[in-house]
Amino acid sequence: MYFQQVAKQLTDLPLFESGLLYAGADNPQKVQRQLADWVRAGKVIQLRRGLYTLAAPYRSKPPHSYLIANQLVQGSYVSLQMALSHYGLIPEHVAVVTSVTTG
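Under this note's numbering, the first residue of the sequence shown carries the number 152, and numbering increases by one thereafter.
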């Protein structure tokens, strides 16, 4: 698997899971090693186990912080203060994205 081919396919995806690369692979261990090499080389950024984004030179646009927050904790949403600030409903600036979960 060559990075240029993978980057071309993933350039419009803000985030991707490792399972996307494993799909159809003959040897998942080889894919896992290759992905680890790309992370070490700075071509791919690991956000958490199994969740990645391409490094800046290889992607068309950076992932939005709300999307990252939602994907880091599945089933979460951004805090009420962040949403209100985003839509200009409160005068305060909220600098940190906070994820909220139920239960």
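Bear in mind the hints are in silico, worked out from the structure with no lab data behind them. Check before you lean on any hint, since a few could be wrong.
Claimed, not checked - Lysine-lysine pairs mimicking BS3-like chemistry, simulated, CA-CA at most 30 angstroms apart:
no., residue 1, residue 2
1, 212, 159
2, 194, 212
3, 181, 159
4, 194, 159
Exercise for the section: With a cut-off of 30 angstroms on the C-alpha distance, tell me whether residue 212 and residue 159 pass. Expected result: 13 angstroms, holds
Exercise for the section: Decide if the proposed pair is consistent with the structure: residue 194 and residue 212, CA atoms, cutoff 30 angstroms inclusive. Expected result: 15 angstroms, holds
Exercise for the section: With a cut-off of 30 angstroms on the C-alpha distance, tell me whether residue 194 and residue 159 pass. Expected result: 13 angstroms, holds
Exercise for the section: Decide if the proposed pair is consistent with the structure: residue 181 and residue 159, CA atoms, cutoff 30 angstroms inclusive. Expected result: 20 angstroms, holds
Comparing the model with each earlier hint shows no violations; every hint is respected.
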